[in-house]
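Q: The letter at position 179 of the sequence shown is residue 197 when you use our numbering, and the numbering goes up by one with no holes.
Possibly wrong hints are sitting among the right ones.
To be verified - Distance condition first, Cα-Cα at most 30 Å in a straight line; then the derived DSBU-like pairs of lysine-lysine:
(1) K302 - K39
(2) K276 - K229
(3) K74 - K224
Hints were generated in silico from the structure; no laboratory data involved.
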Amino acid sequence: MNNYKIITDFCSDLTLDMAEKLDVEIIPMEVVIDGEEPVCGFDIDVSDFYAKLRAKKSAQTSAANLDSFIHTFEKYLAAGEDILYIGIAAGLSCTFAAAKLAAGELSEKYPDRKIFLINSRSGSIGEGLIVHFAAEKKAEGASARENYLYLKDIVKRFHSEFTLNDLFFLKRGGRLSTATAVLGSVLALKPMITLNENEKLEVSGKARGRKNALLSLVKSLETMVDDPTDSVIAIGHSDCLEDAINLEMMIRAKWDVKDIILADIGPAMGAHCGPDTVAIFFVKSEKKEEPTEEMQDEEPILSEDTPAEEPIEETLTEN
Numbered sequence: 019m020n021n022y023k024i025i026t027d028f029c030s031d032l033t034l035d036m037a038e039k040l041d042v043e044i045i046p047m048e049v050v051i052d053g054e055e056p057v058c059g060f061d062i063d064v065s066d067f068y069a070k071l072r073a074k075k076s077a078q079t080s081a082a083n084l085d086s087f088i089h090t091f092e093k094y095l096a097a098g099e100d101i102l103y104i105g106i107a108a109g110l111s112c113t114f115a116a117a118k119l120a121a122g123e124l125s126e127k128y129p130d131r132k133i134f135l136i137n138s139r140s141g142s143i144g145e146g147l148i149v150h151f152a153a154e155k156k157a158e159g160a161s162a163r164e165n166y167l168y169l170k171d172i173v174k175r176f177h178s179e180f181t182l183n184d185l186f187f188l189k190r191g192g193r194l195s196t197a198t199a200v201l202g203s204v205l206a207l208k209p210m211i212t213l214n215e216n217e218k219l220e221v222s223g224k225a226r227g228r229k230n231a232l233l234s235l236v237k238s239l240e241t242m243v244d245d246p247t248d249s250v251i252a253i254g255h256s257d258c259l260e261d262a263i264n265l266e267m268m269i270r271a272k273w274d275v276k277d278i279i280l281a282d283i284g285p286a287m288g289a290h291c292g293p294d295t296v297a298i299f300f301v302k303s304e305k306k307e308e309p310t311e312e313m314q315d316e317e318p319i320l321s322e323d324t325p326a327e328e329p330i331e332e333t334l335t336e337n
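Could you build the full structure based on these sequences and the hints that come with them?
A: Structure (structure tokens):
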């Protein structure tokens, strides 16, 4: 049976058109720019958003709240459908915690339905790429549980890496000291950012100049994937399409990859990384090692053969 709905959140950077083609629903989020009234993220022009950030205006996003998840989940549960939710990394936003709370509440109201939660351990179009994988698997006839188990394997091998051109936003967010940011600007050092095992962004290295930064992203792909020709890769950019296209060309010059998805980094992630960010997302090759404790399932499977968790005591705050 594949009578289930795939749901994700605004952080996935999937457009409404993409969502319609994939037959998924997106939980919206609000964005506050320079202290103005909150605006639905889908109503924001991305180019205009980054123009404001270039002018050093502030931007904040509000995590999707509990009511949003309950309303969306219940719509499908009441219609007799199960749910497969794929969310932003729990370490980057409290959005995933809200989804867990909603699942816990609704599992009691709809005991015959199943809710599967996937922590993507990524964000932006990286999260969106995992949604793409889920939609393809569903189209092949996979059940919600089969899809869940498939995605768990994908997530534990998923790699997210960014390079930034402007260090201002990292400094403002406390990711870099003022001295490091100034030195980086003077020496034209571009920070390389990865999502670590604790689902936090960290500076993993630096490259001298934009071209070398893009080459470093290509090198990561070459190092972590045995045969990139079989890969589906996502490239995200924050108002620097030319750099994203250059990265795509660098990759295609080395390998005849299966597919590359090019997308804007939307306001949810863009508020933190700023304009002129280029990101790459892909699935690493399987390591020949025994599963570690960290690889075990962390998210609840709310289903007929796995009881729902006790209510999660967690305070939700704005992202």
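Q: So, for every hint listed, does it hold in this structure?
A: Hints versus structure:
Of the supplied pair hints, the one linking K302 and K39 holds, its CA atoms being roughly 26 Å apart against a limit of 30 Å. At roughly 24 Å between alpha-carbon atoms, K276 and K229 fall within 30 Å of each other, so this suggested pair holds. A threshold of 30 Å between alpha carbons decides the hint, and for K74 with K224 the separation of about 24 Å falls inside it, so the pair holds.
Checked against the numbered hints listed earlier, the structure breaks none of them; every hint is satisfied.
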